[in-house]
Amino acid sequence: MTPTAIRGWAWAHRWSSLVSTAFLLMLCVTGLPLVFSHEINDALLHREWEPAAAERLSLDAILDRALANHPGHVPAFMSFDEDRPVVNVTSRPPDAPDGVYAFQPLDATSGEAAPPVAGHPLVEFLLQLHTDMFLGLPGMLFLGLMGVMLVIAVASGAALYAPFMRRLEFGTVRREKAARTRWLDRHNLLGIVTTAWVLVVGVTGVVNTLAVPITAHWKDTALMALVDAEDPRPFDVSNRASLDQAVRDARAALPGMMLQFVAFPGTDYTTDRHYAVFFHGDSPVTEHLITPALIDARTGALTAVARPPWYVSLLSLSQPLHFGDYGGLGLKIVWALLDLATIVVLGSGLYLWWPRRRKAA
Amino acid sequence: MSPARHGAPRTLLWPAIIAAVSLTGLFGALLGDGAWDGLGALMLGVATLAPVAGVFVSRRRSAP
Numbered sequence: 001m002t003p004t005a006i007r008g009w010a011w012a013h014r015w016s017s018l019v020s021t022a023f024l025l026m027l028c029v030t031g032l033p034l035v036f037s038h039e040i041n042d043a044l045l046h047r048e049w050e051p052a053a054a055e056r057l058s059l060d061a062i063l064d065r066a067l068a069n070h071p072g073h074v075p076a077f078m079s080f081d082e083d084r085p086v087v088n089v090t091s092r093p094p095d096a097p098d099g100v101y102a103f104q105p106l107d108a109t110s111g112e113a114a115p116p117v118a119g120h121p122l123v124e125f126l127l128q129l130h131t132d133m134f135l136g137l138p139g140m141l142f143l144g145l146m147g148v149m150l151v152i153a154v155a156s157g158a159a160l161y162a163p164f165m166r167r168l169e170f171g172t173v174r175r176e177k178a179a180r181t182r183w184l185d186r187h188n189l190l191g192i193v194t195t196a197w198v199l200v201v202g203v204t205g206v207v208n209t210l211a212v213p214i215t216a217h218w219k220d221t222a223l224m225a226l227v228d229a230e231d232p233r234p235f236d237v238s239n240r241a242s243l244d245q246a247v248r249d250a251r252a253a254l255p256g257m258m259l260q261f262v263a264f265p266g267t268d269y270t271t272d273r274h275y276a277v278f279f280h281g282d283s284p285v286t287e288h289l290i291t292p293a294l295i296d297a298r299t300g301a302l303t304a305v306a307r308p309p310w311y312v313s314l315l316s317l318s319q320p321l322h323f324g325d326y327g328g329l330g331l332k333i334v335w336a337l338l339d340l341a342t343i344v345v346l347g348s349g350l351y352l353w354w355p356r357r358r359k360a361a
Numbered sequence: 362m363s364p365a366r367h368g369a370p371r372t373l374l375w376p377a378i379i380a381a382v383s384l385t386g387l388f389g390a391l392l393g394d395g396a397w398d399g400l401g402a403l404m405l406g407v408a409t410l411a412p413v414a415g416v417f418v419s420r421r422r423s424a425p
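Protein chains in written order, with our numbering: chain V, 1 to 361; chain B, 362 to 425.
It is worth saying that the hints were derived from the structure and are not from the lab. One should not assume that every hint holds.
[Claimed, not checked] Among the chain V residues that face chain B by a calculated CB cut under 10 angstroms, a handful are:
id : residue
1  : Leu127
2  : Glu169
3  : Leu190
4  : Val200
5  : Leu338
Just so it is clear, CB atoms sit at the ideal spot from N, CA and C, and this is done for glycine as well.
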């Protein structure tokens with residue numbers, strides 16, 4: 001590598017790191033407990049609970065019960081716990097600003113409230129800070145830009161590794177040298193061994209920050225193409241097609257897949273007229289990929305199975321790959337240790353830059 | 362006397378092996394099931410953390 005190229009990579013490494021380090025440290029610190037969000041929610045929210053009966057109520061009855069608890073609300077989502085007979089109904093006032101929802105876990109056998117197993121305020125606070133810093137879409141996109149800076153910093157750091165290490169064996173820490181040299185060696189070692197992992201977490205993090213525009217594009221193109229322009233009647237929740245029948249028809253259209261959630265008309269995941277009944281696959285390869293069947297919520301007719309385009313599948317896969325919650329507790333522990341290693345890389349990078357400035361001043 | 366220089370292929374050999382094993386473990390745990398979860402975590406963990414742990418172990422051994 002020529003001296004000019006080394007100077008160019010060093011400039012890219014220095015400035016992409018400096019611009020983003022404060023935000024990346026925040027993301028690492030908040031991301032660390034979020035790796036264990038399931039375990040934290042379980043520890044803080046766990047309560048012994050038994051369903052009231054053995055027979056499940058219909059989904060329509062549960063939805064009516066949920067809406068009766070919040071008069072004037074319209075349904076947004078319905079999801080299903082995997083390990084207990086609980087249906088979660090999310091609803092909102094029709095004119096509520098984005099992000100304002102009521103979330104009700106309900107006993108599927110009685111419609112009574114069930115204790116929540118997710119969404120502890122501490123975890124929600126950390127997740128919101130990690131996702132958008134309480135700034136909504138502009139905050140998400142800004143953190144996405146910081147993720148791009150991280151990718152540039154890691155790529156330029158990897159490019160600089162070979163010229164910096166050409167006289168040293170892999171893993172060398174020159175303990176006889178000054179503190180700055182020792183920390184440079186540690187920075188290089190931790191940086192290079194975590195490169196692949198940080199790139200995966202960084203790139204998937206950037207994709208996750210684009211969730212809103214990705215979903216909006218899918219809705220505005222592929223999903224809107226399914227709307228029958230000759231039947232403009234609006235969806236009316238009190239005069240809706242049977243939700244139970246919609247889910248049965250959707251199951252028949254997607255045999256062998258697992259029911260995940262229902263998006264109601266007007267939400268981000270469907271049109272203004274359709275129930276979108278989402279399923280995921282039952283194999284390791286497909287369990288993170290979602291496919292909705294769209295049912296006309298006014299007539300009950302199955303409109304289409306909307307196989308997601310590649311960019312929606314990319315978004316679906318980016319979520320587990322970012323949070324590391326797809327391979328059991330062992331993988332989560334490795335994820336947490338690599339998060340800590342990244343904090344050391346960021347801190348040592350700042351340390352290596354800071355004395356130079358002080359001496360230059 | 363300064364240590365001898367070696368070429369980029371030799372310098373990058375271990376980083377390339379670590380990246381390959383890391384990515385195999387990371388995506389193996391995503392695309393496989395059962396044993397792949399544990400194996401994937403093991404591959405990612407050993408590939409990335411063993412070199413760092415090795416530095417600390419050799420430091421203790423060499424400490425007076």
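Each hint, compared with the structure:
1. Leu127: violated (21 angstroms)
2. Glu169: Holds - the Cβ of Glu169 (chain V) comes within 10 angstroms of chain B, reaching about 8 angstroms at its closest.
3. Leu190: With a minimum Cβ separation of about 6 angstroms from chain B (threshold 10 angstroms), the hint on Leu190 (chain V) holds.
4. Val200: holds (6 angstroms)
5. Leu338: holds (6 angstroms)
Hint 1 alone, counting from the list given before, is not met by this structure.
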